[in-house]
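From these two lone chains plus the hints, build me the complex, please.
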Amino acid sequence: MSQIDKIENKTVADPGLPAHQYRPTDVDPKLDRRAERQIAGMFLLAALLAVAFCVAYVTIDKDQTFLRFSAQNFALGVTLGGSLMLIGSGIIRWAKQLMGDHEIAELRHPSASSDDDRTQALADLNAGLEESGVARRPLIRNSLIGAVGALGLPAVIMLRDLGPLPYGHKNTVWRKGMRVVNDVSGTPIKPSDLEVGQLVNAEPEALFEVDEKGERVLAGTAALQAKSKAAVIVVRMRPEAIHAARGRENWGIDGILCYSKICTHVGCPISLWEQQTHHLLCPCHQSTFDLANNGKVVFGPAHRPLPQLPLGVDADGYLIALSDFQEIIAPSYPELARDQKKLDKRNG
Amino acid sequence: MAKAYTPIEKTDVGKKASGPVAWMDDRLGLAASNKLMPLRKVFPEHWSFMLGEIALWSFVVLLLSGTFLTFWFQPTMGDVVYNGSYQPLRGLEMSQAYESTLRISFDIRGGLLMRQIHHWAAMLFVAAIVVHLLRIFFTGAYRKPREVNWLIGLGLFQFALIEGFAGYSLPDDLLSGTGLRFVDGLVRSIPIVGSYLEFFVFGGEFPGDVIIPRLYIAHVFLIPGLLLGLIAGHMVLLVYQKHTQWPGPGRTNDNVVGYPLLPQYAAKAGGFFLVVFGFTAMMGAIFQINPIWLYGPYNPSEVTAGSQPDWYMGFVEGAVRIMPNWEFTFLGLTWSLNVFIPAVLLLTSLFLMLGAWPFIENWLTGDKREHHLLQRPRDVPTRTAIGVAGVVMYAVFWIAGGNDIVATKFHLSLNAITWFSRIAWIVLPLIAFFVTRRICIGLQRADVERVLHGYETGIIERSPAGGYSERHAPLAAGAQFSLTSRDHRPAIEAPYQHDAYGVRDKHFRMSKLRFKLAKFYFYGSVDKPTAHDVEHAAEHFAEHDGHPVPLGEDFQGVSETGIPKAH
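Residue numbers (our numbering), protein chains in the order written: chain R, 1 to 348; chain B, 1 to 567.
For reference, chain B alone in the conformation it holds in the complex (with noise of 0.2 Å):
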């Protein structure tokens, strides 16, 4: 049957652009892709969803102004003397990757900018993955179904570290290059293989004369490409999951309430670019980053005191420098423990612990349902007690990764930092385990106090026996429902080594290891008020009539300044 439709000049935008609209159809069936990638697609807003965002347009910046740098950029450590515009420099012995940094600083116009920008972007676009990463995790977003969209996720983590670690090599002067020789310790610290290994990346023995152009085409080419690929399969899974958000009125597991793609998120989004572009463009003009001038072109035998890597290599520095100098003899074999439990060990198990934990958490759990609601980092304190956990642990790697910074800038002994942080990247974690599990339960009751027994009025009320208390107010209809919004926490049973004919159970084992990781996981966490219990204590609120003034219909509440609070 024919259906009838309507000609595209018939249509507003159709009167204006019937004709490339229709070209482009024609060919194309671009309105069709419409239902796939509808234009008035709706996403949800809240600050947090951002954090990615910056990601994202970060790279885009990446692109550009590294675009730009390779118009110039000389890939290989062929020998030149300087002759160029930087007095103090001129007449030495340097590679041509370092010299033509140099020109692109001093000679071509808007190249220093561009480098700064480049820097400074690179550095935003980890942190930013870094900080989208904590979000996804204290809420819950990994949870079914965006678990392949998590790993995808770590894996634009990991290669955005190699990739910012190649680009700080590139320059070729003394502080890329001594990263570089940290890497050739590293890559030689791995038993058995690490001397092959050592000969096969760096073409003989460091420094050899292959590694930046071998870097350079990691830093431009490859792993740019495999972000690029695995950036556009974290938008498609987006697009087809919708994003995730948060609980609230009318907003539910079963739908997405926010703003359609077109105008208003693409809108915000494209401009979202420009600022992110313009604040690096900022930073790049006002804040000098990586003066590749004042290190001087890379020598083997030279240092200067105070090397850093770029932030994000900080924590497996702090690792490297606080680990002690374990290394022994083995099967005629050194096993340089001291390099490579800090520098190889730990980022792999980083990575590994990360890309399990949703499943660990599924299998413990035993949830099989899809979840599009964020979860509040107060209802699940086990999971948000770990994530702290190791977000001190960091800190602490971080901090040694600085230790002889910290010692110079605080008058302190450095050999004592570094045993405090050998004891401290245990400790303290332990510690910001149980305090943060602890804050999570009691801001977990806190919530269902204000559920069945209303918010703090400010009114204060003197009874005819003299005693003094804070009238309370029940919480609005959305209010109530945004707070019992999340899920109940589940009864937990304890397995049975035999059914009740006796039979023993084969999995027997390691149902009481679930069973127990689970009454660890749900451990003090408070169960959300039902409805009954709210009708209950609505009950209880209307018999108390005792007031001496009643509240109005349409009472807000009274801040402490006197105004009116909106509920």
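So that you can see chain R by itself, here it is in the shape it has in the complex (with noise of 0.2 Å):
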């Protein structure tokens, strides 16, 4: 850099930090006091409210409300809230309004170490590397990572019993005849029992069976993994309205059809139902299906479409599944395309 490169690439000069300002309370002792005074009368509010916290915990009943809300949170947490915020701001009040206020130039230093630092430090490395002789002997130095690492397996394979290894697709709990109930009564549906255009929640008997001591046989964590693969919706719509997809035009009842209520995308519950366009949307992302036209997906994320079930009715008289699904129910995962063929295979 030339020297007329160097002055006109002059920066402007620092003038330095300006003059300290003094603060109305450094100047003005009344204000001081009034300060010193306001701050105290914060911390003392904030005493009575922690004593008013103490009162609200043990009066106030806890089905009492106010404005509909509980009362007893209601009091308790405004209570410890301004009890807090007044110790704070009057700690900070303090601070900005008494405490000395005169600002200190700290002088920074490299981050690095100094010379000296960072050659004595490498010396010592060496020297410390140099006595373990770890660069002379590959021999000793790549055997022992090599069993360092090899204790990497135990760590990994000791997680192995985290959860079974997958067994891909397993049937759901709806078989050939089992009835189509209520979800929430668990009662068997007819056909008459839908008007064209609703929609009924419902699932497979299996889950409401009880055994001979009246317990249920699908109970805790099996009864909701079940759920999460049986739930179904059975929907009414006019006949003429349907295009069956060859091969489903006996599945359904009168313009009655049952899908499955698990979304292909990620598995949310689909409920949405639009009677006039026949769709069915999914509120978690939205995808869209249409139960007119064998469960198509017209719009969404998802890819799949929804899994339908055939429907029959049995002698009674009530709505029953002419078999299990023949499409992967929930979200989809690796091998899913190998365990569809292999279902559709079984079904010929």
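Worth flagging that the hints you see were computed from the coordinates, not collected in a lab. For every residue, glycine included, the Cβ atom is placed at its ideal position computed from N, Cα and C. One thing to keep in mind: the hints can contain errors.
[Unchecked claim] Facing chain R, according to a computed beta carbon distance under 8 Å, are these residues of chain B, among others: (1) M77; (2) F202; (3) Q264; (4) L274; (5) E370.
Given below as structure tokens:
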């Protein structure tokens, strides 16, 4: 850089820290005392609120309400929050108005160590490595690396029993002849219970089955797992609105169709039903399925159509399943294509 | 040589506490630690330095309120029939996790308050981290020597997201179960190993009976431990490298100006902790959050319309919603890109890009110096524009995450909003980039103008010819210095393929790429005026004596209201 460049690139000179500005409390003893009184007042009020918290804790009944919400929660929160905020802001005021306010300038030092320190540390490191002979004895070094690396295997294999190996697709609890029942009451459904345009949330009868002691056969986790694959919705449309795919012509009863309730995207239960368009919308990510057209995806991130359950009627006139689903329920997984092929083969 | 030293009893503190002070120092040598972490260590002041502090203090609030909740919470998925004091749910089967959360909410006095404080503090924690991160990004505070602290901060951000999500899942209500169902779908979508991961995470088929105890130990031990360790590292580096500061008169790259730790900074920070705690308590008192009793226990065949994750997961949710339904079979396996790209790749790439950024910037500017002065966003137009574009993209995803809410509240077509978002996440950030860069360049020019031609005094003069003009007056020396203490715009030289001897540069392609990126990076940036320019402009001011009335020595400008402005 030439001399001229240096002059021309010189930056504007630093005028240095501006003169100290005195605060009102520094120059007026009256204001100083007033601030002191006010801050002490804040602390006093905070103490009173802490006592009020205890009073609220023992006196307010948990069922009392305030503006429709729990009065206890409101009283405890406001007294605790008020007390904390008063102490906090009192301390901050003390710091800002009364504590000394002379700024200090501290010099920075480079983050790097001094040359001496660096040389010494590197020399120490070198001496240590030298004495260990780690560079001269590759046999020991490499076998040690190998041994420690091998210890990773037990660490990983220990995690094996976190869960069973994935078994891919398994049948749901639906079987041929199993009744379709209301998901809350467990009562079976007759075709005449449904009007055109109506949707009913349903489940397989197996979920309500009880043993001789009157206890549910499927309970707890097993019930949740069964539900997360077997939940269905039953809808009724005008029969002429339905475009059944080949082989599905007889899967409905007078315009009543049954579909899986579990979205093929990430498995949310779907039940937002648009009567007019026969669309079913998932509330989680808005995948939309056309139930009049075999559950085809018409919008959103889901890829696979909504699986359909073939419906029939038993001797008592109740809706039953004609078989299990012929498509895979719930979100996609890597082996899905393979499992679907197997399923297709089984179903012919 | 023996050094003269003052006995403790003769110092002011020592007179009162010589016993304990000497006792402690005799054993722990605490006085020496004053060198590592001086009691009078200086911290610079600016409102934006408080953002990280909010994150720190809300973490402490989370530890305190969370500990309270663990006294009653039962992290198990065992089945019970509810018999507690909340009438509408009586007789319902539910997990113990959900039942104990109901108990905390209805039967433990202050339990609901602590739950709500915990949830509000969690929202605040992540929000403060995000805003703090943006502050660091837009002011260039991550530059050498602070790259490591930037990475630690990203680790904190990432663990905070996971921690929040784990906590959201624990009560086992309908909403948290729906969140877990989504995670199940997300894990399954991971190519090749998805099913294995799902079975290992959930202990079998979803929902299984181990996910809540597993998430619990992660939520109360593993991740908080990691967060604590990273926070400690974050703070140690902050102390060692000292805080950055804004340039100003007397505030340079070689010093740090501010108030000492004892007493001012400690008092303000300590007081601020209580304010943050008090604020979350007020929120917990007044604003209901996560009323799990309204959602009911988890049931895989039920969901409520308008299901939303906590705000910080909204952008992932939005990306999942607007993603086209790409799924295909390849090598006999199913590839669910419709879930994998927005849920897994988006999060990973966000953190990878943020992590790589300081190193990319450093590589293309070739800057090897230490930086302790913050940059105003306008002074690095391209970086600011990239940041704003990123914020806009995040916002589009985030709004798309509530597309159903937007549709019902504003009576818009859901499908139209989704299609708009599918295009907007690319187009709007591009527009934001160019608009922001242009605004920054405009602001830079205005700064140069103020340094060289002074500020507008508010005095209108009429010339003998009848023209009106506003009189300008030179900026105060301090303001001139502040506006010119940024770096010069570096000269970027095009690389040569062959040197003077005709030898081919082996790294030519890399240098060319770097040259192109640097040109893009410094595009339009205005160089700052030098001392020479300023002196020249000052002479010009002096020559201008056509003014009817000279401004006094102590003139400070006139504001619109006629009150003198301080400059």
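Hint check:
| no. | hint | verdict |
| --- | --- | --- |
| 1 | M77 | holds, 7 Å |
| 2 | F202 | holds, 7 Å |
| 3 | Q264 | holds, 5 Å |
| 4 | L274 | holds, 3 Å |
| 5 | E370 | holds, 6 Å |
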